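There are 2 protein chains.
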Amino acid sequence: MAEALRIGIAGLGTVGASVARVLSSKAAELTRQCGRPIIVAAVSARDRNRDRGVDLGAAQWFDDPVALAKSADIDVFVELIGGDDGPALACVKAALEAGHHVVTANKALLAKHGVALAEIAERKGVLLNYEAAVAGGIPIIKTMREAMAGNTVSRVFGILNGTCNYILTRMEAEGLSFDACLKDAQRLGYAEADPTFDIEGHDTAHKLAILTSLAFGCKISADSIYLEGISNISQADIRAAGELGYRIKLLGVAVQTETGIEQRVHPTMVPTSSVIAQVHGVTNAVAVETDILGELLLSGPGAGGNATASAVVGDIADIAKSRPGFQHGPVFGRPAKELKPYKKAQMRSHAGGYFIRLTVHDRVGVFAAVAKRMADNDISLESIVQHGSSAEGDGSKTVILVTHETTEAAVRKAVEGITKDGHLIDKPQVIRIERAD
Amino acid sequence: MAEALRIGIAGLGTVGASVARVLSSKAAELTRQCGRPIIVAAVSARDRNRDRGVDLGAAQWFDDPVALAKSADIDVFVELIGGDDGPALACVKAALEAGHHVVTANKALLAKHGVALAEIAERKGVLLNYEAAVAGGIPIIKTMREAMAGNTVSRVFGILNGTCNYILTRMEAEGLSFDACLKDAQRLGYAEADPTFDIEGHDTAHKLAILTSLAFGCKISADSIYLEGISNISQADIRAAGELGYRIKLLGVAVQTETGIEQRVHPTMVPTSSVIAQVHGVTNAVAVETDILGELLLSGPGAGGNATASAVVGDIADIAKSRPGFQHGPVFGRPAKELKPYKKAQMRSHAGGYFIRLTVHDRVGVFAAVAKRMADNDISLESIVQHGSSAEGDGSKTVILVTHETTEAAVRKAVEGITKDGHLIDKPQVIRIERAD
Chain A
26 MAEALRIGIA GLGTVGASVA RVLSSKAAEL TRQCGRPIIV AAVSARDRNR
76 DRGVDLGAAQ WFDDPVALAK SADIDVFVEL IGGDDGPALA CVKAALEAGH
126 HVVTANKALL AKHGVALAEI AERKGVLLNY EAAVAGGIPI IKTMREAMAG
176 NTVSRVFGIL NGTCNYILTR MEAEGLSFDA CLKDAQRLGY AEADPTFDIE
226 GHDTAHKLAI LTSLAFGCKI SADSIYLEGI SNISQADIRA AGELGYRIKL
276 LGVAVQTETG IEQRVHPTMV PTSSVIAQVH GVTNAVAVET DILGELLLSG
326 PGAGGNATAS AVVGDIADIA KSRPGFQHGP VFGRPAKELK PYKKAQMRSH
376 AGGYFIRLTV HDRVGVFAAV AKRMADNDIS LESIVQHGSS AEGDGSKTVI
426 LVTHETTEAA VRKAVEGITK DGHLIDKPQV IRIERAD
Chain B
26 MAEALRIGIA GLGTVGASVA RVLSSKAAEL TRQCGRPIIV AAVSARDRNR
76 DRGVDLGAAQ WFDDPVALAK SADIDVFVEL IGGDDGPALA CVKAALEAGH
126 HVVTANKALL AKHGVALAEI AERKGVLLNY EAAVAGGIPI IKTMREAMAG
176 NTVSRVFGIL NGTCNYILTR MEAEGLSFDA CLKDAQRLGY AEADPTFDIE
226 GHDTAHKLAI LTSLAFGCKI SADSIYLEGI SNISQADIRA AGELGYRIKL
276 LGVAVQTETG IEQRVHPTMV PTSSVIAQVH GVTNAVAVET DILGELLLSG
326 PGAGGNATAS AVVGDIADIA KSRPGFQHGP VFGRPAKELK PYKKAQMRSH
376 AGGYFIRLTV HDRVGVFAAV AKRMADNDIS LESIVQHGSS AEGDGSKTVI
426 LVTHETTEAA VRKAVEGITK DGHLIDKPQV IRIERAD
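Protein sequences appear in the order of chains A and B. Start counting the first sequence at 26; every next residue gets the next number (the numbering used here). Start counting the second sequence at 26; every next residue gets the next number (the numbering used here).
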């Protein structure tokens, strides 16, 4: 039997405690799989005395996570502190510089400092594994980094935030308002007290930024992502989508275009008959399209202590199976120094179909004016649904347009024109349509 | 730059030629990902002169694949000959004994000799990779063998045969008969001239047997699989399924039960709202349920030269990233010598819901007799659909029963009883229902 692999865990919250429990309860099976034992040699957390359902008495205790990261008594440093700077960054840097492998679930950290950290890891010849950082338990990093070797990716997209998907699922299933669903999500612990980070798409953006780098061999650029959250999605949108054969999901999408890479996070219409449309509740899903393999989709739990811990344990097991002398694959698919600069595509040139919902005055000539603005901008329409006068009796009418493939610029110009015409009662709603099988 | 990894490919059919083309066209990117070049050093095939869209002039030619397998000029032997014995087995054995890593897409070979071959690989300290053997381009082997380390699997199930899924999809979408769809599948190259192997479930069984071993850490036992194909699925079944909120798929299912492992391949009703129900055409999908991660589903192309080649190239890239001194994980998740004996659960004790379609004489008392047989066997019913007298005017009537969870033994007894009662005009149709999200 080879020597045990010694793990140091910084952060013993929900995920950290679950990792410690799995390493303990599944010790025999992991030893069999990896050819050597994996032991929790050291830990660091805020509260030393909390009961975490696992005996950590044999592990060395560190008050300072950076001291743990540098400790000569560990082989692998597991960072579960969180945050895109501060102690998490200091720890991971220190661990890599000390020649320790690192496993992290920290998407914010990687979205901001991933390339710099990868450079250190590759210089020191250690692994930096981060399966848990994107889509929780779904092995999308392993799939893109290892299984898709040799594939050229054209598009990657997914449901990367369970909170948003939970809210959208309940809004559709139960006809509830966004606010009511958000409150329930908060009550059930699926959403934070301040839900902005989730519902405005920032969390999705962090994960997408990491996937984009892996997909296209470019530097991570989380700041270049077009961002639109789900807080302005109404029952009217969800019902109209359903009538037209679509379902609304918050997607992160990255596409290689002729002018550069397009990264966007926004509410998206996907065909109800597609696989991704059936991904309900807090479940996540990621789809990747490549030249050789074709289209692959993975769905599963995107959050939660156990699912995330499963990804962390998988990362640790991969390290346990490696040995000195093993040449590790690069952190982001190609060596960090050879990652291409990120070249952003102009969002105004995004091409695709659009759903446009207009609340207009119920008077003669409005529909003709709307149709003219579309035609003037060369937008051809796939379908037009005009609902009769509203039940509110306020003289409003709803017009729903679904366009064939057109450009973002054309849609924006058409909608500006319609707004200027003075027929609108309410803000126009524009939702992009994404092709999905 | 480290030394090149030298590949020997035996079998240059659709998949083999595609592998050679990818290794050539993506050489630069693969070198970057793996830290060293991968070169096709030797090949063996039936026809030396066929144009395969890639220049293999620099590769050493072997008429005898076993000689290629033993050659000291290769590091990795790629077996794409096919067949569960004969040259494929001889080659793979010879390559492993010669200390070469092996990559194979051969499910039949592994279903029959997988454990014996794994023992040789583990004794020689080389890798035996077989991602392409199950579900083509879907990285289910990597996911179960690596990403799910530490997880205890309770159930694995999937759509593992594209031919069957293509036929069932078209039957439902277009209302065509099984025979008409099979003919089209043959014309399009999705089905063999003799389609028995696919449509009677043997191909699915081979793949399931491999997944079962990975899932439960047991020896491969393809012969223990309960087998039922799709050739007796009629439009009546598909329509009735749709009315009840189900879709029919040929699934391979392996479940850990209290009495042992249940492996079965049969037409299955899955809820229309489930993700797996949306997997259409030749696409495959595999779902795995575990204690830590929860439920994960992967869907993608299950066959085809390129998709299969993608999996083979991924396996080769994993070997390229390893180096001497690397301790490989076991072939089937736990060391071959420690795989548990396969303990078969009795199919008669299978528990689940059932769909039962009966064509009965349209006369008084039939329904009461059917209901009594169900009650006598403690089968409680979820729904009963009784269609009016048939359009054929032949005095027949259709009764469809959907049961709550019950046992295979109870259902068989009830159906035997109903048959004895003499009310049936046609053979009763029994289709199992599988829980899926």
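If you're looking for bench data, these hints aren't it; they were derived computationally from the structure. Here the structure is a predicted model, which means the values were calculated and not measured. Glycine included, every Cβ here is placed at the ideal spot set by N, Cα and C. Incorrect hints may have been included.
[Stated by the list, open to error] Facing chain B, from chain A, some residues (calculated, C-beta under 8 Å):
hint : residue
1    : 202
2    : 334
3    : 360
[Said to hold, decoys possible] List of simulated lysine to any residue pairs, SDA-like, C-alpha gap at most 20 Å:
hint : chain 1 : residue 1 : chain 2 : residue 2
4    : A       : 362       : B       : 149
5    : A       : 362       : B       : 60
6    : B       : 365       : A       : 244
7    : B       : 149       : A       : 256
8    : A       : 244       : B       : 60
9    : A       : 362       : B       : 140
10   : B       : 362       : A       : 52
11   : A       : 244       : B       : 54
12   : B       : 369       : B       : 140
13   : A       : 369       : A       : 259
14   : A       : 438       : A       : 362
15   : B       : 244       : A       : 376
16   : B       : 362       : A       : 369
17   : A       : 365       : B       : 149
Just pull the numbers of the violated hints for me, sorted ascending. 1, 4, 6, 7, 9, 13, 14, 15, 16, 17
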